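K.L.:
Taken in sequence, the protein lines are chains A and B.
Under numbering that gives the first Met the number 0, think of the first position of the first sequence as 0, with each following residue one higher.
Under numbering that gives the first Met the number 0, think of the first position of the second sequence as 0, with each following residue one higher.
The hints are simulated quantities; they were obtained by calculation from the structure and are not laboratory data.
Careful: at least some of the hints might be erroneous.
As a list, the in silico DSS-like pairs of lysine-lysine whose alpha-carbon atoms are at most 27 Å apart [said to hold, decoys possible]:
| hint | chain 1 | residue 1 | chain 2 | residue 2 |
| --- | --- | --- | --- | --- |
| 1 | B | 52 | A | 197 |
| 2 | A | 197 | B | 144 |
| 3 | A | 170 | B | 98 |
| 4 | B | 196 | B | 61 |
| 5 | A | 320 | B | 196 |
| 6 | B | 281 | A | 170 |
| 7 | A | 220 | B | 20 |
| 8 | B | 202 | A | 316 |
| 9 | B | 52 | A | 320 |
| 10 | A | 262 | A | 170 |
| 11 | B | 20 | A | 170 |
| 12 | B | 281 | A | 320 |
| 13 | A | 316 | B | 198 |
| 14 | B | 196 | A | 316 |
| 15 | B | 198 | A | 197 |
| 16 | A | 220 | B | 144 |
Since the model is a prediction, treat every value here as computed from it, not as a measurement.
So the chains spell out like this:
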Amino acid sequence: MDTQTPLLQFQEQKPELHFRTTKFNFGSFFFTGLTGLATLFILAILAIILGNIIINGAPALSWRFITAGTEQDMFDVEKAGVFPMIVGTAARVFLMTIFVIPVGVITAIYLTEYAHVSSPLTRIIRGAVHNLAGVPSIVFGLFGLGFFISFVGGNLDRLFHPELAEPIWGKPAIVWASLTLAVMTLPVVIVATEESLKAIPLGLREASLALGATKLETIWKIVLPQALPGIMTGGILAISRAAGEVAPILFTGAAYYMAHLPKSLNDQFMDLGYHVFVLSTQSPNVDQTRPILYATVLVLLILTFALNIVAILIRAKMRAKMRLLH
Amino acid sequence: MPHRDIGKRSAGWMGLSRGHKARPLEWIAEKAIFAVSLSTILMVFLIFVFIAKEAWPLLAGKMNSAASQEVIAPEDMDKLSAEELRVYLEMTKAEFAAKDRETLQLLMELKAEAGAEAPDDKDAEINTTELRYLVKPYQWSDYDKPEYIWQPVSAIHKYNIIPLVIGSLKTTLVALLFAVPLALGAAIYVSQLAPPKLKEYVKPVIELLAGIPSVVLGFFALIVMATFLQSVTGSHSRLNALVAGIALGIAVIPVVFSIAEDALTSVPRSYIQAALALGASKWQAAWQVVLPAAIPGVFAAVALGFGRAIGETMIVLMASGNASIMSWDLLDSTRTITATIAAEMAEAVFGGHHYRILFMLGMLLFAVTFISNLLGDIVIHRLKGRLEGKS
Numbered sequence: 000m001d002t003q004t005p006l007l008q009f010q011e012q013k014p015e016l017h018f019r020t021t022k023f024n025f026g027s028f029f030f031t032g033l034t035g036l037a038t039l040f041i042l043a044i045l046a047i048i049l050g051n052i053i054i055n056g057a058p059a060l061s062w063r064f065i066t067a068g069t070e071q072d073m074f075d076v077e078k079a080g081v082f083p084m085i086v087g088t089a090a091r092v093f094l095m096t097i098f099v100i101p102v103g104v105i106t107a108i109y110l111t112e113y114a115h116v117s118s119p120l121t122r123i124i125r126g127a128v129h130n131l132a133g134v135p136s137i138v139f140g141l142f143g144l145g146f147f148i149s150f151v152g153g154n155l156d157r158l159f160h161p162e163l164a165e166p167i168w169g170k171p172a173i174v175w176a177s178l179t180l181a182v183m184t185l186p187v188v189i190v191a192t193e194e195s196l197k198a199i200p201l202g203l204r205e206a207s208l209a210l211g212a213t214k215l216e217t218i219w220k221i222v223l224p225q226a227l228p229g230i231m232t233g234g235i236l237a238i239s240r241a242a243g244e245v246a247p248i249l250f251t252g253a254a255y256y257m258a259h260l261p262k263s264l265n266d267q268f269m270d271l272g273y274h275v276f277v278l279s280t281q282s283p284n285v286d287q288t289r290p291i292l293y294a295t296v297l298v299l300l301i302l303t304f305a306l307n308i309v310a311i312l313i314r315a316k317m318r319a320k321m322r323l324l325h
Numbered sequence: 000m001p002h003r004d005i006g007k008r009s010a011g012w013m014g015l016s017r018g019h020k021a022r023p024l025e026w027i028a029e030k031a032i033f034a035v036s037l038s039t040i041l042m043v044f045l046i047f048v049f050i051a052k053e054a055w056p057l058l059a060g061k062m063n064s065a066a067s068q069e070v071i072a073p074e075d076m077d078k079l080s081a082e083e084l085r086v087y088l089e090m091t092k093a094e095f096a097a098k099d100r101e102t103l104q105l106l107m108e109l110k111a112e113a114g115a116e117a118p119d120d121k122d123a124e125i126n127t128t129e130l131r132y133l134v135k136p137y138q139w140s141d142y143d144k145p146e147y148i149w150q151p152v153s154a155i156h157k158y159n160i161i162p163l164v165i166g167s168l169k170t171t172l173v174a175l176l177f178a179v180p181l182a183l184g185a186a187i188y189v190s191q192l193a194p195p196k197l198k199e200y201v202k203p204v205i206e207l208l209a210g211i212p213s214v215v216l217g218f219f220a221l222i223v224m225a226t227f228l229q230s231v232t233g234s235h236s237r238l239n240a241l242v243a244g245i246a247l248g249i250a251v252i253p254v255v256f257s258i259a260e261d262a263l264t265s266v267p268r269s270y271i272q273a274a275l276a277l278g279a280s281k282w283q284a285a286w287q288v289v290l291p292a293a294i295p296g297v298f299a300a301v302a303l304g305f306g307r308a309i310g311e312t313m314i315v316l317m318a319s320g321n322a323s324i325m326s327w328d329l330l331d332s333t334r335t336i337t338a339t340i341a342a343e344m345a346e347a348v349f350g351g352h353h354y355r356i357l358f359m360l361g362m363l364l365f366a367v368t369f370i371s372n373l374l375g376d377i378v379i380h381r382l383k384g385r386l387e388g389k390s
């Protein structure tokens with residue numbers, strides 16, 4: 000945009016002249032300004048949300064808050080902490096990675112290394128990945144309840160403990176919550192891994208095959224090590240997405256309150272995100288418990304954002320390397 | 000596209016037809032990798048099947064939610080056959096087999112007591128899970144005109160889903176009206192008008208918005224935004240469709256932005272260069288050349304944004320007020336489909352009519368998002384093909 004001609008002069012000029020002599024264009028100014036403002040507004044929303052949470056949450060955040068449990072009273076501003084929730088969230092997310100990474104990576108390997116690009120089956124698999132990414136999180140919760148808990152868990156009980164009245168597996172548990180989240184984050188891992196596999200130059204694979212390596216050896220020893228940063232990015236993005244999700248674990252394993260940490264796969268667990276929900280909606284006195292609410296939100300946000308930023312950094316590094324290779 | 004042909008040869012069963020070069024291990028690995036990759040298809044299939052399975056007895060008309068039910072005196076237990084007794088007590092075969100005679104007697108007495116306490120007006124005879132009571136208004140005995148009512152835990156279980164559908168549409172509409180102009184403006188700015196240096200910083204920051212967990216956005220709407228918006232609008236209820244809708248819009252912005260920005264960037268440089276060479280300014284090129292070329296991408300962005308908004312749970316659960324009022328007023332407290340499932344599943348009796356209705360709502364949600372996502376994906380796919388074909 001040329002601003003050498005001031006606005007004032009433009010208005011004084013005769014209409015038939017200004018077309019030729021000035022390059023200032025009101026439409027351009029208006030349009031650029033409007034879209035720029037929209038961008039600024041979005042950034043402002045982000046800044047306000049983060050600023051509000053940091054300013055209100057930081058004072059209540061302390062080492063004691065992070066390491067303390069909720070033995071006395073979960074709404075006690077002085078004594079309550081979030082240690083059991085951090086452990087519960089970490090455990091369910093860790094279990095989820097064990098389930099989702101192998102399946103996601105192998106699917107991505109099939110799609111990039113083996114599948115015919117345009118075969119109907121490949122298109123159906125891709126369609127399924129897209130579809131899975133768009134399923135609402137509460138529907139995953141229903142799926143976890145209907146499939147994992149009542150079908151898988153219920154049948155396990157019928158097979159191995161038919162004499163017991165109380166269910167061992169057919170009830171909300173950390174393993175069911177993790178499996179539900181694994182199904183939900185499968186597309187994240189597949190897409191990220193596929194992207195990193197595609198970025199590896201064809202020449203590397205051809206060189207390996209020309210030296211006599213088999214296809215499997217090439218994938219295992221040449222392709223996968225190169226794709227490792229991409230796989231890690233996918234894993235981290237999946238973790239950060241899953242760590243903040245509450246809807247899928249509402250009926251599959253999250254506990255309102257538990258006196259002990261989860262000890263086995265069929266235990267329930269306390270969860271950071273669910274605890275934010277509990278503190279904001281079930282608190283007997285919202286104003287009084289506000290400091291611990293803000294501090295809990297801050298802990299959750301730090302966890303998910305730290306993971307996100309690590310993923311973004313790895314990805315940026317990977318892309319720079321890719322440009323070098325091509 | 001990497002090497003679609005390497006390793007594609009007919010190797011026979013376990014690769015044995017390759018004679019001394021047979022590599023059974025390779026063959027097995029390939030088949031195993033293929034089998035695992037089918038898991039995504041399996042998962043989509045299982046999600047559909049198992050949600051439909053839980054909702055099926057309701058859809059098939061096998062549930063009866065009438066409050067007053069036929070009562071058989073406990074003394075008459077021996078007059079019934081085992082099968083009749085099982086149906087009367089609403090048990091599965093396995094459950095029935097596990098109970099002894101005393102327990103069954105006790106259950107019959109309980110059922111008789113419940114039957115005696117049940118309300119006995121004309122509403123009590125109605126099976127409220129029939130389709131017409133789910134979607135059409137009905138004049139209940141203490142109302143003066145036919146109404147749409149969702150009251151699953153009252154004495155007469157009223158399951159009209161229309162207030163919930165309207166609640167979902169209302170909040171989604173607000174979210175899209177708030178998010179689409181902002182996200183689209185930002186996408187045009189970032190992809191076409193901003194200096195390249197600025198673009199490198201702005202894009203990841205906006206995408207960071209997608210990293211905020213929805214429960215945190217819900218918390219923010221509940222604690223901060225609701226108070227602020229109430230002071231602006233002077234609304235009667237602090238939590239309403241407007242608050243939930245705007246918070247939902249914040250969650251939708253990164254979705255719409257990413258896809259629209261992607262579509263705008265994928266318009267070939269040559270289009271813009273041609274426009275600029277013909278004397279158009281940068282904004283004219285953006286508005287009259289790039290945007291029309293990418294308009295299907297914008298449509299797809301809105302469709303996917305819609306799918307995200309209507310399926311979001313925690314934000315609406317925390318910020319919408321959760322009153323199932325039949326109203327289009329944005330300042331009324333409202334209740335959406337997702338929030339209803341999240342809030343009521345814990346108190347619904349496992350396998351009961353309320354439980355099945357909630358699964359039916361889940362099915363509805365799955366179908367709606369499936370269609371909107373499919374639509375969005377098809378449009379994006381076509382657009383990419385068209386732009387790549389032309390350039």
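K.L.:
Compare the structure with each hint and give your call.
P.N.:
Hint by hint, here is what the structure shows:
no.	hint	in the structure
1	B:52 <-> A:197	violated, 39 Å
2	A:197 <-> B:144	violated, 63 Å
3	A:170 <-> B:98	holds, 21 Å
4	B:196 <-> B:61	violated, 63 Å
5	A:320 <-> B:196	holds, 20 Å
6	B:281 <-> A:170	violated, 60 Å
7	A:220 <-> B:20	holds, 21 Å
8	B:202 <-> A:316	holds, 17 Å
9	B:52 <-> A:320	violated, 49 Å
10	A:262 <-> A:170	holds, 15 Å
11	B:20 <-> A:170	violated, 52 Å
12	B:281 <-> A:320	violated, 32 Å
13	A:316 <-> B:198	holds, 18 Å
14	B:196 <-> A:316	holds, 18 Å
15	B:198 <-> A:197	holds, 25 Å
16	A:220 <-> B:144	violated, 74 Å
The structure fails to meet hints 1, 2, 4, 6, 9, 11, 12 and 16 from the earlier list, while all remaining hints are met.
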